[in-house]
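2 protein chains.
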Amino acid sequence: MEDRTELDRLFMQEALKEAEKAYALDEVPVGAVIVCDGEVYARGHNLRETMGDPTAHAEIIAIRNAARKRKSWRLHGMTIYVTLEPCPMCAGAMVNSRLDRVVFGAADPKGGAVVSLMNLVADDRLNHRLQVGGGVLAGESQELLRRFFRQKRKEQPEK
Amino acid sequence: MEDRTELDRLFMQEALKEAEKAYALDEVPVGAVIVCDGEVYARGHNLRETMGDPTAHAEIIAIRNAARKRKSWRLHGMTIYVTLEPCPMCAGAMVNSRLDRVVFGAADPKGGAVVSLMNLVADDRLNHRLQVGGGVLAGESQELLRRFFRQKRKEQPEK
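Chains as they are written, first to last, in this note's numbering: chain F, 5 to 163; chain C, 5 to 163.
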């Protein structure tokens, strides 16, 4: 039997690498990877400011990359790993793309749509549901976000 | 005082023109326009099959077009018109893009995230809320969808 915990940590490390890429671009550091058949199939990191696109969250970019590669909008059989609990838009996109499973790192008490404010990825009323894993390398993800916002506050002292 | 009802019907007609474009491409006929300063600023129609992209709903395409044009992900001051009540992904994208208002045509009892299953665009826990209008030219929108699915059933007789 595969040790899902160990694999989940391994792929979350890859998502964290994506989050670091966002950080380097001065973007809120969130990263995602999509895994198919035990391998990283697509990647994405937050590019909202860089692209000036409100939909350019890490998860949406990874989903679009995976769909382009598979030449289909149906991503069944795949798992998405994301360093921060998805917002409603991204949770909805996971349902729409028929992903099998979502694993997130840190919870987002202010905007999370998987465990914090609501659960959109396992809502019986919608036409697809995902399995959920959470809290994988949450400390690492949180620390990266904290570091980012601490630096932002330093750059913008009291008004 | 402006007659909002009349204006809403006018812009929903434009969204219906977008839905017709989707129909012509054999896509589920949903269309959207984004209005700024009393003029159509961006347009979009469902391209999920054509682009093989699970995020290519009419609303997401219109939002991305508007953000590209404004060179900013913040779409405050704008209203989005969409022929069908938005799904959770699209409702979440409207919150993320800071749109002022959403007006939809037909309600979607199976997947709508504004009045039918939940209301994501006016959730006090999220960091932005939209004004909501609904039911504008709902009959026209519904008739177009009905015509589309009727034809689909004809093309695929009993298995």
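There may be inaccurate statements among the hints.
Since the list gives no way to pick one copy over another, a pair counts as held whenever it fits inside one copy or between any two copies.
Said to hold, decoys possible - Straight line, CA to CA, 30 Å or less: simulated DSSO-like cross-link-like pairs of lysine-lysine:
| # | residue 1 | residue 2 |
| --- | --- | --- |
| 1 | K114 | K25 |
| 2 | K158 | K114 |
| 3 | K25 | K73 |
| 4 | K75 | K25 |
It is worth saying that the hints were derived from the structure and are not from the lab. Since the model is a prediction, treat every value here as computed from it, not as a measurement.
Quick rundown of the hints versus the structure:
1. K114 <-> K25: within (24 Å within a copy, 38 Å between copies)
2. K158 <-> K114: within (23 Å within a copy, 47 Å between copies)
3. K25 <-> K73: both (21 Å within a copy, 26 Å between copies)
4. K75 <-> K25: both (26 Å within a copy, 22 Å between copies)
Going through the hint list in order, the structure satisfies each hint without exception.
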